[in-house]
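The whole structure should be built from the sequences, with the hints applied where relevant.
If you read the sequences in order, they're chains Z and E. All residue numbers for the first sequence refer to the numbering used here, where the first residue is 23 and numbers rise by one. All residue numbers for the second sequence refer to the numbering used here, where the first residue is 63 and numbers rise by one.
The hints are simulated quantities; they were obtained by calculation from the structure and are not laboratory data.
In silico SDA-like cross-links for lysine to any residue, where the CA-CA straight-line distance does not exceed 25 Å:
| # | chain 1 | residue 1 | chain 2 | residue 2 |
| --- | --- | --- | --- | --- |
| 1 | E | K150 | Z | V96 |
| 2 | E | K162 | Z | I756 |
| 3 | E | K150 | Z | H758 |
| 4 | E | K150 | Z | A87 |
| 5 | E | K149 | Z | I766 |
| 6 | E | K149 | Z | H758 |
| 7 | E | K150 | Z | S755 |
| 8 | E | K149 | Z | S755 |
| 9 | E | K150 | Z | I93 |
| 10 | E | K150 | Z | A91 |
| 11 | E | K149 | Z | I93 |
| 12 | E | K149 | Z | D774 |
| 13 | E | K150 | Z | R771 |
| 14 | E | K149 | Z | I756 |
| 15 | Z | K703 | E | G116 |
| 16 | E | K150 | Z | D29 |
| 17 | E | K150 | Z | D774 |
| 18 | E | K149 | Z | A91 |
| 19 | E | K150 | Z | I766 |
| 20 | E | K150 | Z | L32 |
| 21 | Z | K703 | E | C115 |
| 22 | E | K162 | Z | S755 |
| 23 | E | K150 | Z | F98 |
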Amino acid sequence: MTQVAIDTTLLAILAPFLAAAIAPILTRYLKHNAAWLLALVPAWIFWHFTGFIAPVSEGQSFIAARSWAPIYRVDFSFYIDGLATVFALLISGIGTFIILYAGGYMKGHAQQGRFFSFLFLFMGAMLGLVLGNNLFTLFIFWELTSITSFLLIGFNHLKAKSRRAAIQALVVTGGGGLILLAGFVMIISVTGEVSMSELLKSPDVIRNSGYFVPIFFLILGGAFTKSAQFPFHFWLPNAMEAPTPVSAFLHSATMVKAGVYLLMRMHPMLGGTDLWMTVLPVFGGATLLVGTILAVRQTDLKLMLAYTTVASLGLLVMLIGTSYERALEGAVLYLIAHSLFKGALFMVAGTVDHEAGTRDVTKLGGLRGVMPLTFLFACLAALSMSGLPPFIGFIAKEVLYYGTSGAPSAAALLTVTAVVGNALMLVIAAAVALKPFLGPKVETPKAAHEGPAMLWAGPAFLSITGLVLAFTTHWTGAQLIGPMLSSLTGTPTEVELHLVPPYFIGNVALMLSIATVALGVVLFWQLDRLRALVAGILAGPLMNWGPDKGFDQVIAAIVSFAAVATRFLQNGKMQTYMALTFVVTAIAVLLPGYLSNGWPAMPKMPHYHFYEWGIFLIAIMGLGAVLIAKTRLTAIVSLGIQGFAVAIIFMLFGAPDLAFTQLMVETLSVVILALVMTRLKLTPRDHRSGGAALVTGVIAVAVGLGLALTIIAITQQPFDRTLSDFFTEYSRSIAHGRNIVNVILVDFRGIDTLGEIAVVTLAGLCVLALIRVRTPRPKDADPAPLKNEEAA
Amino acid sequence: MRTVIFRTVAPYLAALMVLFSIFVLLRGHNEPGGGFIGGLIAASALAIFGIACGVASVRRAIVFHPMSIAGFGLLLGAVSALPSLFKKQPFMTSQWLEFKFFDVDVALSTPLFFDIGVYLVVVGAISSIALALEERESD
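See below:
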């Protein structure tokens, strides 16, 4: 790849973030029409990545990289192969129409600019995720998608339900991200490689290492939470609280596919093992059935679609879990087909909601006359979802039936699961596309009419693409599916697709398709009865607890544990805190000496001058005064005497800087302690009992003794002059200063000092806040008298 | 505490102490002193002024809220660490600018600005605590 192409690719990944920055400004001036301009950004990205289709289909792969923190082997490195190209095309292509759709859907919303911004942030994160080569880069983008998803789900942050859904999604997917990070760290330490491209070169290393099982489960933890696999599926339907453009983009077409993407990406390294081929089909199949059954119960268009999304993700995981080439091909095809039809159907549901004022399927009907275009595109998308010809969904379903029926193990079980799941999906597709539009006209909250171009452009493009890809089967197979499948299998794989089945007699897949359609039609005919049946079962005695409720219970348990722990650790008594701190200090300094029996010998008394003895005496007198002081104020001042004496000792033994500082610190601490005393309205005297004083005394003596012994032990070690010599030698020549202490503080160890002043500032802020908290606010006076004085 | 003598002397004493603190700050690189000590001296000057003449007059005298002074100091300290990056040297490498100004050698350096930052942080943080505590006493 040429330098220009590398730079352009990096720019393409950066572009959504730049768009996020300018979106609010553009929206301020152009209102919702800014979407037309903003949609050019993803359109350009899409166009850029179409350039990769041809070379990638010839078996090439590309790496675009910039070093970031090379010491830690963290790089902005992006890997473009068949899998990444298809995902990048889906994200940018669907993203283009989502931006347009958001322009129409959020028209007139006060925060439309912010909404565009969030969408672009997500788009950039998602692109970075699917292209990420360096595992750290990938992880960062992975978590960024969780965070942007949080922002988008909680966009209507005044609604409690939105906030709960947002937090739930963040906890589940963000927590999964942390599990994934642990998996990545393990992979790095097992293989010594940090990039996907290198890992893929020797795919057997992980499989053959002793850490395969933990790595497998950690990666799965990340993928299953992100892709809403049972039992982590509950966050996805709740995420429907987000505005519909978000549901269409994040929670059907792209973000929830991140887990599937990861499984596909890791398939050459983890796939084909017994563990993989057991765990994935079981959870995938369970998710498929749970998702479709729960979908049937819903009457809300978006929730119906959300549960079928869960189901589709389960189907994908199940197919990947077989590690059988034909099933993988089915997964790849179905992934593309699903993104197209589900994105379109979500937008349709949003349009209906936007124009008719409700998305409850029982309150809708007869809209075909007033919303003909929306109806048309809804039908096209629904036909693809139902797996009927001549749509890409049909081809996908044929191939995946070949895959399940030919799978090496449990083929019958997989096939039955797939047939039941697909039949129920057909039911939902028909319900979403037909119920609101056919039948007698039903009175809707708003007088429905066709949405503007911005609203139907997306469904139109996505549903027609589903048709076009099916008619250009040869191109689709060779240019999109084949390269993507090659990434999954790890070997170049040719794919030949057929829109018209190559033979009819004895064609298992076709038979299964017909069975699916027949079953689906029957179920749709009896939909109301089916819904009542499912609702009846779910209302049963054992069914009132689910993971969703479990999530609330876990969160509540964490909060109450935190409350108990806080009450225990932070009981609000200063005395307890101080006593604990000093007891721990005493143990820390005394225990090592006690265990190693290494009490230091008393040092030989050096010869002191009489004035030095005098200073010692003053220090001791200060301490004595503290002990016998009648009032607290006297005690504080006496402590100051001792401090000053120590400062003078520093001075006498040649540390003027230290002495100087000690002097000032002592002064200020006496002043501040005295002020605190008056502030807290303490009694002038200490009224504690003799016993309490004895305990405090023992702790004090223990700490003092321990520290003294430690210092004696330290000074008896031979003195290492390396640092002293270094600073003495270089402070003048490198740092241009004669005061070594100061040179160390502001130059040699400047970063330490920078950290310290940050701490001092924060500590100051905290103390200030604490003092304010204690201030009772008189009702008549201004709560902040400072402000008045500042103004004066 | 608020005797007439103290109240009369305190402003001058405080002014002298602040002046001295700046002297200590600036000479710090070669003689005992520096931003930390200077800051402590200035903070105690303000504390004395506050005890003698009331918190209101201190706040008037220093114009800015002490916490803003501390924040500015932190910013100055952080910014003074940046110039080296433009010369592709590691973060915080000291930069020196030496020139003659009216025949006097002047040495400006990033550690000097960093030290001024330290000074401002110490003055700001400590005096905001001291003033807030004194305030209660006065009302």
